[in-house]
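A.B. asks: First to last, the protein sequences are chains S and V.
All letters in the first sequence, in the order written, are residues 1003 to 1460 by our numbering.
All letters in the second sequence, in the order written, are residues 1003 to 1460 by our numbering.
Any given hint could turn out to be false.
All copies of an identical chain are treated as equivalent in the list; a pair is satisfied when it fits inside any one copy or across any two copies.
[Said to hold, decoys possible] Only pairs whose alpha carbons sit at most 27 Å apart, straight line, appear in this in silico DSS-like list of lysine-lysine:
1. K1287 / K1236
2. K1038 / K1316
3. K1382 / K1211
4. K1414 / K1382
5. K1349 / K1243
6. K1272 / K1211
7. K1262 / K1138
8. K1236 / K1349
9. K1287 / K1038
10. K1382 / K1142
11. K1350 / K1287
12. K1287 / K1141
13. K1243 / K1350
14. K1316 / K1065
15. K1236 / K1350
16. K1316 / K1026
17. K1272 / K1349
The hints are simulated quantities; they were obtained by calculation from the structure and are not laboratory data.
Number of protein chains: 2
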Amino acid sequence: MDDVSRYIDQHRARFVDELATWVKIPAISSDPSHVKDMAANAEHLKNHLAALGPDQVEVWPTKGHPAVFAEWNHAPGKPTLLVYGHHDVQPVDPLPEWISPPFEPAIREGRMWGRGVVDDKGQVMIHANAIEAFVKTQKKLPINLKLIVEGEEEIGSENLDELMRANASRLAADFVCVSDTAMFGRGIPSLCVGLRGLMYLEVTVSGPKGDLHSGSFGGGVANPVNVLAKMIAKLHDDDGKVTVPGFYDKVAILTAAERKEIASLPFDEKEWLASTGSPAISGEKGFSTLERVWARPTLDCNGIWGGFQGEGAKTIIPARASAKISCRLVPHQEPEEIQQLVASYLKKLAPPGVTVRVEYMHGGRPYLAPTDHPVFEVAKRAFTRAFGKPTVFIREGGSIPFVRTIADATGKPCLLMGFGQPDENAHAPNEWLDLENFHLGIKSAAFLYDELSRIGKS
Amino acid sequence: MDDVSRYIDQHRARFVDELATWVKIPAISSDPSHVKDMAANAEHLKNHLAALGPDQVEVWPTKGHPAVFAEWNHAPGKPTLLVYGHHDVQPVDPLPEWISPPFEPAIREGRMWGRGVVDDKGQVMIHANAIEAFVKTQKKLPINLKLIVEGEEEIGSENLDELMRANASRLAADFVCVSDTAMFGRGIPSLCVGLRGLMYLEVTVSGPKGDLHSGSFGGGVANPVNVLAKMIAKLHDDDGKVTVPGFYDKVAILTAAERKEIASLPFDEKEWLASTGSPAISGEKGFSTLERVWARPTLDCNGIWGGFQGEGAKTIIPARASAKISCRLVPHQEPEEIQQLVASYLKKLAPPGVTVRVEYMHGGRPYLAPTDHPVFEVAKRAFTRAFGKPTVFIREGGSIPFVRTIADATGKPCLLMGFGQPDENAHAPNEWLDLENFHLGIKSAAFLYDELSRIGKS
């Protein structure tokens, strides 16, 4: 492992350059105008991996954006690890808030700044670089490794299930590793053992057939913006609980042991709050902040719009108003069921003066890892070897639908070994990647492959 | 008066042609690219009036678009009437919805179609044509008449107050007539005796310093969109009453006589509702639809925006959310006072997890005519002579700030004698003018001048 580790040190600068080159491709999966960029993005990754001596490397087309698959089967008798990542990125608006342009990666303060640097191109490259270090120094990997990098994670991984079903035998593995999460704090190696799920919908409230003069008609017809506001307001009670009937019915209650484990983490609530810039903590009554964001379901408006939004004043009763509403889900909530509950309730809340349309956009199921499986100890050891610090179990409030999908499909434990930072602006302007973490991440991945080579197949 | 009436009949076609010629000038006051058109528009009107033998006709420049002023002082000892109109027009978007181009006036179905045909060029020409009929048949007008036609009505009459102050003595009159409103229904002569005022503000709710990942942070900080929705929802109670403390304190309660008069109008609520396209009537409990839109104050969101509004899904806690909120006011509410009440209440409704900023945009005071003044009977008689039908008193839910301004400045009664139709699309595509109404409007104006000549100065 010394050769491998030295190789990673020696090629540190080039690894950074190569990541920057890839980040320049604006791979925004949600925007139809970037379809060609998505293809170029996948092609770029395929070419990069092709230079690392895989048995196979392929671009897998889907109904949407393509995925990239590669495999190294140089270790007969050794376990097979399936590594998952994604090559698509979030949209960039509001663009004016970026200090440097999102697709012109810049290095400042020991960080790389740009869209996708940490979510998830940087984390994909951590594995590519670890693979390279073995291949170049040892001629082969110590385990069998399969890499699947999808192009639709930021839009709900809609075609991933089908892709996995169609390629089930090629994706078969003993363990799964997902690198798309953040560490608990700066330099604290963390294994994520829980993810929230997601339910995302768009609701539109329509009133008049067109915008009306608010003088001539104001007071006589329902105003869709006011109505939508009232409907949204009724989705929470004064304790911050979601009021949608049935919403909490299947929620797994946190055990006393789980609450104790969460409470034992070195969580600095003041610092966390400062990182958001919000003036105060807020949330469901009766739970700590970590419990709220990791293990309690939520309902949030991600966007709202309707009527006149320009400069100045326009006196209209808007014809319609819309909102994007999403719920973060916890075991054992199911996205489709929650979607139906929320949609029904929204329709029930609407007064006769409007019509309501609800469009289900996408969902993802929550995940909780079987932490008593021995591979979690193996992963902890690898992480600790790279960082020189104890590894903690954490959860993540976000969603990676793939994790639950592959966990259910394979029945294999899924290691969530993430190298992001909690305040890295993953879905916001000025996304950044800590370059020291990037470097130690490459080493952690290498140690993981090494540690896994010493245990049997699962 | 027979000569005058016959002249109006004989020149009917030419009056229509002359209006069409003027309508061709695209006098959109809100669009800086039409500054030259605004000047040409004023010049066109000035030249038209100059041919009608005025003592004076002038273009009055302002900081914005020019006004046109003319006066006929041929009737010593007779009262002076000040007629107000405006020569600017609304924007035309969405252009594709126009059946014929907005500035190429077309005649179909007994109507002229084009931008400004009724709001307000047609109504200005009604007076110009009535003046012409007297001048050509009687060599003079039966009263003294002053005509002020401003160029900024559609953008808030920002420079009108200053213009009026600077020319107070030249604008002095016994009575004021504004022709910029609509009739109650097809062929029902209507005097508008009440206008609502306006208070317009913008509120912004800020939470995190930037958009946050709704997975990592959702549940832990206040979401500005949800908070704004909750604040807006709390501005009305379940009976549709505005909950802002003090909001109704100065509202003039409708008298039993006023309610009876409103109830006696041939109002077709089904037709009114159908014209909006809304699925149901909605509004403040305890009042009829006409009472609600004419004589009760309202609070409406004219626009709302925040967070992600694009195609697809973006899972964020938005950094901020904003809404444009306006109130229609009735006597004796004052815009500045209502602004302070609404702003204070909005700030009070905000939870600790957000900050709130309120920006006051503009306002206008409500108007209620002194209908017991004898000039209203005079105006009714004139209208009835032209249309052969009884004249009704109506109100208008919209605002014409000039009316209250001139009423307060002069202390004189203001006659709102409008010739539009309620469904004339004044601020929408396919604006139209009923040509029969245009013709009878010219006669009504002539009869008004004649009737006023028989009473004393006010």
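A.B. asks: Now look at each hint and say whether the structure bears it out.
C.D. replies: Structure-based check of all given hints:
When the C-alpha separation of K1287 and K1236 is checked against a cutoff of 27 Å, the pair qualifies both within a copy, at 17 Å, and between copies, at 21 Å. For a Cα distance limit of 27 Å, the shortest separation of K1038 from K1316 across copies, 21 Å, qualifies, whereas the shortest one inside one copy, 40 Å, does not. Taking the shortest Cα distances, K1382 and K1211 never come within 27 Å of each other, neither inside one copy (60 Å) nor across copies (35 Å). Taking the closest pair of Cα atoms, K1414 and K1382 come within 27 Å of each other only inside a single copy of the chain (17 Å); across copies the shortest separation is 87 Å, beyond that limit.
When the C-alpha separation of K1349 and K1243 is checked against a cutoff of 27 Å, the pair qualifies both within a copy, at 19 Å, and between copies, at 23 Å. With identical chains, the CA atoms of K1272 and K1211 are at most 27 Å apart between copies only, with a shortest distance of 15 Å across copies and 49 Å within one. For the identical chains of this complex, K1262 and K1138 are neighbours neither inside a copy (44 Å) nor across copies (94 Å), given an alpha-carbon limit of 27 Å. Taking the shortest alpha-carbon separations for K1236 and K1349, both the intra-copy value of 12 Å and the inter-copy value of 20 Å come in at or below 27 Å.
Taking the closest pair of Cα atoms, K1287 and K1038 never come within 27 Å of each other, the shortest separation being 47 Å inside a single copy and 56 Å across copies. For the identical chains of this complex, K1382 and K1142 are intra-copy neighbours only, at 24 Å inside a copy versus 100 Å across copies, given an alpha-carbon limit of 27 Å. Taking the closest pair of Cα atoms, K1350 and K1287 come within 27 Å of each other both inside a single copy (26 Å) and across two copies (21 Å). Neither within a single protomer nor between protomers do K1287 and K1141 lie at most 27 Å apart by alpha-carbon distance, with minima of 56 Å and 81 Å respectively.
Taking the shortest alpha-carbon separations for K1243 and K1350, both the intra-copy value of 18 Å and the inter-copy value of 22 Å come in at or below 27 Å. Taking the shortest alpha-carbon separations for K1316 and K1065, only the inter-copy value of 21 Å comes in at or below 27 Å, while the best intra-copy value is 43 Å. Both within a single protomer and between protomers do K1236 and K1350 lie at most 27 Å apart by alpha-carbon distance, with minima of 11 Å and 19 Å respectively. Proximity of K1316 and K1026 under a CA criterion of 27 Å is satisfied inter-copy only: 21 Å between copies versus 41 Å inside one chain copy.
For a Cα distance limit of 27 Å, the shortest separation of K1272 from K1349 across copies, 25 Å, qualifies, whereas the shortest one inside one copy, 39 Å, does not.
Hints 3, 7, 9, 12, counting from the list given before, are not met by this structure.
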